[in-house]
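There are 4 protein chains.
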Amino acid sequence: MSSGPAEESAPEESEQLYILTIACPDRTGIVASVAGFLADHDAFITESSHFGDALTQRFFMRTVFRLGANSPPLDRFAHRFSRIAERFHMVWGLHDAQRRERLLILVSKLDHCLNDLLYRYRTADLRVDIAAVVSNHPDLEPLARWHDIPFHHLPVSAGNRLEQEAAILALVHDLQVDLVVLARYMQILTPGTCDRLRGRCINIHHSFLPGFKGKRPYHQAHAVGVKLIGATAHYVVADLDAGPIIEQAVERVDHSFGPKELARVGRDIETVVLARAVRWHVQHRVLLNDGKTVVFR
Amino acid sequence: MSSGPAEESAPEESEQLYILTIACPDRTGIVASVAGFLADHDAFITESSHFGDALTQRFFMRTVFRLGANSPPLDRFAHRFSRIAERFHMVWGLHDAQRRERLLILVSKLDHCLNDLLYRYRTADLRVDIAAVVSNHPDLEPLARWHDIPFHHLPVSAGNRLEQEAAILALVHDLQVDLVVLARYMQILTPGTCDRLRGRCINIHHSFLPGFKGKRPYHQAHAVGVKLIGATAHYVVADLDAGPIIEQAVERVDHSFGPKELARVGRDIETVVLARAVRWHVQHRVLLNDGKTVVFR
Amino acid sequence: MSSGPAEESAPEESEQLYILTIACPDRTGIVASVAGFLADHDAFITESSHFGDALTQRFFMRTVFRLGANSPPLDRFAHRFSRIAERFHMVWGLHDAQRRERLLILVSKLDHCLNDLLYRYRTADLRVDIAAVVSNHPDLEPLARWHDIPFHHLPVSAGNRLEQEAAILALVHDLQVDLVVLARYMQILTPGTCDRLRGRCINIHHSFLPGFKGKRPYHQAHAVGVKLIGATAHYVVADLDAGPIIEQAVERVDHSFGPKELARVGRDIETVVLARAVRWHVQHRVLLNDGKTVVFR
Amino acid sequence: MSSGPAEESAPEESEQLYILTIACPDRTGIVASVAGFLADHDAFITESSHFGDALTQRFFMRTVFRLGANSPPLDRFAHRFSRIAERFHMVWGLHDAQRRERLLILVSKLDHCLNDLLYRYRTADLRVDIAAVVSNHPDLEPLARWHDIPFHHLPVSAGNRLEQEAAILALVHDLQVDLVVLARYMQILTPGTCDRLRGRCINIHHSFLPGFKGKRPYHQAHAVGVKLIGATAHYVVADLDAGPIIEQAVERVDHSFGPKELARVGRDIETVVLARAVRWHVQHRVLLNDGKTVVFR
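Protein chains in written order, with the working numbering: chain A, 1346 to 1642; chain B, 1346 to 1642; chain C, 1346 to 1642; chain D, 1346 to 1642.
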């Protein structure tokens, strides 16, 4: 039996790190102000990434730092920073890097992505908490239970879709969920739910989007005779399979692959792509830029 | 100055090899009949690939062999084989592997694919003859001329499209062209010309089809925010960018790539993908299977 | 709880298929004889791959077929084929494609490859039987038990190495094991055991061999500053990490990856590479060619 | 005939950009000081990348900026910055991003890398000046001449190696060369010359280093039976093929590839890998970190 994520695997991460994310209109002096603020408060930068989008004139930044002996407590630190944030009209976040983001995983019957996420959780490859697994089918309860994860069977039909999604949203609220992961959930969320979960719901689509949106993409790929198949992790929006793309990957196939073989090869791509997207999201590496993403890998 | 393809680079290919390609309804005994025929005529197989498409019930085969001391002359060999071909309702071809296929390359102003094909021709990396280069602009004449390739400037406009394509088709006929290569030609051929060149005209499209058909695919890719960009080599059909796919490849990009950087990265993919497709075609490795290809790499 | 591999996932494989593998000196008439024999015995070929190695003058072939209404029973079929095999000095095998090869998986404490193989077994992605899991540590017993796989804890030390390996070989014999998989076993088998398991023991090495043989390859890779890291699945021979390579893959890394991050990225490559090698082996797609492999993918 | 690099292809780069590179011991306040200095001098940052190496405790930074209306002239700007540089013990560089680095390309007889570099130069894909091409053979003179690049034939033998390298170094000095590129030069430079060119001489090695150092790596790769082949661009040091790695890539091959086919596939990898390394170097994206590189792509 599994006893939760391994604690011993990340010893050097025991130091207290913080992650600051920023998005704002681009102009002179942003980095100077932020870095100056950090230096003035005895914060040591361990990682930093910037991006200025020449088209949208937006600036994006992610900085990881640790506080020093002369740093103020975090709340005072944050309070003071808010003045800089205001000056530059920042959308910003300050995150404790040690805090585990809380996931709610939605699945149907296919379990390759769930199995992979649970494995990474169990071995602390992915430092998250999994609040619960939800499915419209009972099949994957044993897998969740073996990892000591609560499992909720919430069947869905044409008649009860809104109620079922309300139950999911209630779980998101009650379990203090940070991120909903559609790990081959196979159901299309209603626009209202998509809006409620904007920016905190990741789906894995089993094609190289924008090719092959919608149903049975491996069959579509086979019909067209593509020589590479892919998978795409993206944030969910009301427009089906059109949300901001976080990560994609492909694998080579050939004429001898039928839909079933494409699906088999595709499973390996899907698991890796979804795991990367979840990792980057919970590490606050993904910032939204209009309908696209900035990913500081 | 270049002095035509290097002769010395392929010494072991001086032996006389033949390539037999077959497509027919699948049934028991095809391989036995073909291989038996080859053995009975003292032919030694050096390469052989098969594929039976379970869906279409079609069988595809490509076999490379050399004739032996007791083999009949090739024409008698072919004549005798035609009886087997009839029995199995084969679409078949028998090719001298030493014969260089004759290419007509169509370009516009962008020359990365042309430069690459001419380089591979000059160094015999690609064993073909290039009958001529055709362009609707005069810009690339010096490049063609330096390689001693005739260059035809055939301007095209809304008013003369049919005449211009008739001139191209005349060149195809007069120069005994086997394969027309659209190396970033940037013009859409009329349906009639597409039909005339069916199965012997390869286009490079600068996207991972079926995504981003049509104009300015790198701008389309940038707008969507994909994390990989690609290129697709395909046979030209009347339906734009929808012909049978021969080869595809992708390269990773990120949020910092504008359309111009995408185009720069894309050029390297386009040249490699087109060169592969041309190589496989002239080596008779590509067989048509309905709207798709079988590629015996 | 898991209830063994899913039976329902491979309905079309219920038809009775056989796999014939051949290696012999290359000469005229081999394919004709084999294909003729198959046709004469009403066998329908569904897949076939050949390779003639111009250097070693060896010929390799793998053919998948199903018997027909007029085919003899398999034993008579095999007996008759042995006459052809003799004539061409073939090393050959005739395998029931439905038979599940029996695996013995050796692990130490790291479980990413084991977890992956058990998942593929459980979902019939990999159609094998897992006879047992053996480890020199007790840590992974729960994982094996949850999949209903017997677990043997066989500790090893400088003093008992030969006895411990004798116990492993006894399991191989008693459990009728076809393939031993070193899924990050971390112990070097003695030359005698390597010889005993020649051609039926696959190891995953966490580097792109022949680079970084031996201990701590990710630390070696980090010290050198490579821009790609890889994994290699190979048959085990007495010469450390020098056995015939079956499969390799790499992933891009950069200067910001320490040994721990390299190991994290590497785990995903290792699992995929090992799974592919095991799949190809149990499908009889891997033939030995001197110190190398022919892999009919 | 070519008329030098196209001027029109980079219109938006006409604005005056500067590149500041820094390497120094890591400590609190570096970014704040640098960014503060830039803001105080009305410099607008368009790109910035940092890396703190936790092992060596070294900090690396590359920042691209443009000066503003209130910025001082560049020399005063640089002079003032030198005070910050001193305080943090920086190794630093301040580069005009519009200035074309001057290359000296050394070749032997193989021309795929030369052809590629000249093409990228001609089309301004690579914004450099090529001061001259040097070869120990006369074969590639026509190719250089067609691009209007001076060609120097400097034969080399056991007896004149030092004199020949002295002539090369004289060219480096007289032509004000910034970067020497060994584009399949096939000669091993003497240790003295390697030292003289430290950090400004890039070699392309046709293997995935550290595997297959030295002669005939494709033959070595074939003998081992690897499933991927690669190429490595690295700075030249006296220790053969052991200099800091800048870039690597691989391509899949299989058992059917002989040394000649490996070399053919390898050529495409070599050209792309070398072109990337040269691009990153001339854009000041590559910083030396002990025997390794930091590459801010």
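Check each hint, because a few of them may be wrong.
No distinction is drawn between identical chains; accordingly, a pair holds when it is met within one copy or between any pair of copies.
To be verified - Think about it this way: if two alpha-carbon atoms lie no more than 25 Å apart in a straight line, the pair counts; the simulated SDA-like pairs of lysine to any residue are:
| hint | residue 1 | residue 2 |
| --- | --- | --- |
| 1 | K1560 | G1381 |
| 2 | K1558 | G1636 |
| 3 | K1558 | P1589 |
| 4 | K1560 | L1400 |
| 5 | K1560 | H1386 |
| 6 | K1558 | V1569 |
| 7 | K1560 | D1456 |
| 8 | K1605 | F1496 |
| 9 | K1637 | C1539 |
| 10 | K1637 | P1589 |
| 11 | K1637 | S1453 |
| 12 | K1605 | Q1443 |
Keep in mind the hints are simulated off the structure, nothing from the lab.
Check your understanding: Which hint numbers does the structure go against, in order from smallest to largest?
Key -> 1, 5, 8 and 11
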